[in-house]
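Asker: Here are the chains, one letter per residue:
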Amino acid sequence: MNVNLKKIAYLLYIGTQLARMHAVSYIASFLNSILWFLVLYIPVTVLSPNQILAIKTFLPGVFGMTIASLSMWTATEFLRWYVYHGLTDMFRECGFSVLHYLISAVHIDVILFATSTYFASAIAATLVVGLDPFIMFPHSVAYFIIALIVAIPTYLLYGSLIGYLFTSTSIGGVWTNIFQMIITFGTIVPPSIAPDPRILLINPATIVAEFVRAAYGTNIIDVNTLTLLTPIVILLYSLTAYLISNKCEKYIAKYGLKYRV
Amino acid sequence: MKCIDVIDIKKKYIAKEGLRKNKVVEALNSVTFNVDKGTIHALLGPNGAGKTTMIKILATLLLPDEGIAKVLGFDVVKEADEVRRRIGVVLDVAKGFYSSLSGYENLVFYGLLKGLSFSYARRRTREVLELVGLEAMDASKRSYHTYSLGMRARLAMAKALLTEPELLLLDEPTLGLDVESARTVRKLMVELAKEGRTILVTGHNMFEIEQIADRITIIDKGRVIANGAPQELKDRVGLIHKITLSISGDTSKFLSVIGDKLGIEKLRINDFGENKVVIAYVKAKRGDIVQSIFDVMKSMDIKILDLSIVEPTLEDVYIAIVRGDSNDL
Amino acid sequence: MTFRSIILAILYRDIALFRRWFSEYVVLWTLPLVFSIGAFFLPATLFEVEAVVSRFSNIIGVELDLVDIILYAVTISAIMSMTLLIVDETINTLYQERKLVGSLQMVLEATNLRTYLLCQALIRPVILVIASTMYLPIALFLIAKVKGLIVFAYVFPLLLISGVALGLYSLLIAIPITFYVEIDRPWIIASLLMPALLAGSGIHIPIRLIPLGIKLIAYTSPLPYECEILRIMLLRGLNPDILLPTTVITIALAVYMSINVWFTMKTDRYSRKIGV
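In order, the protein sequences belong to chains U, Y and Z. Our numbering puts the first sequence at residues 1 to 261. Our numbering puts the second sequence at residues 262 to 590. Our numbering puts the third sequence at residues 591 to 866.
To be clear, the hints were calculated from the coordinates, so they are not data collected in a lab. Misleading hints may appear alongside valid ones.
[To be verified] Straight-line C-alpha distance at most 20 Å; calculated DMTMM-like pairs for lysine to aspartate or glutamate:
| id | chain 1 | residue 1 | chain 2 | residue 2 |
| --- | --- | --- | --- | --- |
| 1 | U | Lys254 | U | Glu93 |
| 2 | Y | Lys448 | Y | Glu391 |
| 3 | Z | Lys863 | Y | Asp353 |
| 4 | Y | Lys402 | Z | Asp604 |
| 5 | Z | Lys856 | Y | Asp353 |
Generate coordinates for the entire structure from the input sequences, incorporating the hints supplied.
Answerer: Have a look at this one:
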């Protein structure tokens, strides 16, 4: 794997410029996420006997879910809407694949957007039910930072995977919604629902959600297990994302890319 | 009764420039013309001249600011419903249909909107799709967003013909079509006119317009600057014919006599020994040119080995009228 | 070009679109269902189910069991499903018809804008309510057998009336976005409006528990009253308490309709002045 730091820096620059062009969309998505969060979490919190425990356990799942969703929508944006507008080929002419496009967006989507949406939703959730917003400040910032680090390869993995599936099969945009539903298990729905919570680590976003929970001390899977898995997961997800996106690019080069609704 | 009667139509658009400034664009400024029934009438003009605006007014999609426009005796503003019942329209060939519906479904929808019964709408849709060749392409079942430009243009034509209208308003119906498809559309227009339908068509392909149009109206900057049959316009502008003669004999005397009779604007002679090829630009009617050449030939010892007289094209006429310059060759 | 022909055309088009986009509807049925059940039973992944049921019963003021709550959650998901579809379709479809796809031109060649928009506003929500709640009778039957079907029988007319009211409400937003304002991404407005309406309407819990700030937007729509009627009917049975919200919805329907009749007439003339 040829890691070209200059190329990555360049990609991040492109992603920043694209994000500036879509600033209004990002702001709207930010508000949208908070509102949808309230639709779900007002009743969840009100119906929970221990509201503080509920918020600290369920809320981190939203972060994991957001990472997965963002990456899938970013990938399908590249392979659907940009194809329709003729922009995908412009990227590909410069040697960029779906993975490059995801890398270009990773700092905006993961570090900026997902994090700010998470904390804004957290503050909104606490205020709505009359709790002190400061309870949502992570007790262990280190675990939160690890969550952010692990979120990056998770983001790349989901995007590459859905990109490849979208390109090489006849699945439509509806499948992104279906994947999102599946991804709720381990993230929004805590791993405690499984007979052995570790089973839900099969969902790559689970480890991200669990690290955020660990930041509040509400993790369900043991922190030692999570820490042990971290370097493996970072390497494995990054490598898998790279391989899948290569496959995706080969497929596009061979068969072309048509706009599909 | 004329099929279309346009009297003093005016139309302005107001475009916002920045936060406070408004820019007024005069699309049509006292446009007057009429179209006879059963003819193909072309509306020509440069980009932004007001052709599409005029078509949209006649199609009841746009309200004029002033003036009267009547279609088959019905006012396009006050009797819009009556007008809609009798017209078929082609505007932007590249879009205008629901992307997710097939060509067939789009047309049935349109037919139902127009008041056709369900069974008749379906039957008529199949007929027009067959007529424009989309059935042969198996395209009627495919979603519109998968159509090529040529197929979209055919579908737009099919929509215009769906309700068997008396008048067709066609805004650049062959735009983007390949040669064969464009020829098919032209042929269709001529056949429809023969059936008694009236067609008002706009376009930029002068070769095409010249082939089919009975009368032409040229609009520039919202005003009518010329009106008439193609030959009338050519005669009015008085453009130059290009004569190519291959002759043997006394060329200079021949040319001097011809020059006196016809008036040569420009001359070039290619010498091939015994034979000469003369290329002359002459400002005269075709009939006068032919008569003069044969008269001179009879009276002199000249052999004409080859003769061609190239008329000014409609494109030459159009450019001359729009630029105000009849010497442009 | 009568009302009848326009209604027939809209019906034909929407049924064709429903068949084409059937898989999207399956997602539309599933997501609100999962969301709704999740809203009630996510706490049960941490705490005892009985504690959650008891808490909800206390909030509503009626003794409920698990089946009642599941039944309620599934029925509420229909309101979510219906709201998402009607608001999104009304606002975004009109914009796309005019600005992106250009199919509004085809419509206006056949009829006038006012008649078309009013027919759409009345007929489309009915089609969309049916399309978005097709799963409901099956789901209710599976949960509560005959009782579930009885619930469907008296909930469905409410959904239809509410859907039409919501459609007319959404049209009041769709028209200015499409014709009077230059907006590049109008779907942002629809995507913000939907969760704002749902969050502020007390869809899962009584509206008195929702903060005022969030309620304000929802109160401009008929949604809070629909949720209230549904809650009363499902959890307390037919009750005089439904009279007030029913009256409000009826008045809202009349008000939205009147404003739309005037607005569409004005917009018809305006759109022909500036061009479609």
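Asker: Are the hints correct? Go through all of them and say.
Answerer: Hints, one by one, checked against the model:
1. Lys254(U) <-> Glu93(U): Judged against 20 Å, a Cα distance of about 15 Å means the pair holds.
2. Lys448(Y) <-> Glu391(Y): holds, 15 Å
3. Lys863(Z) <-> Asp353(Y): holds, 19 Å
4. Lys402(Y) <-> Asp604(Z): holds, 16 Å
5. Lys856(Z) <-> Asp353(Y): Distance ~26 Å between lysine 856(Z) and aspartate 353(Y) Cα, so the pair is violated.
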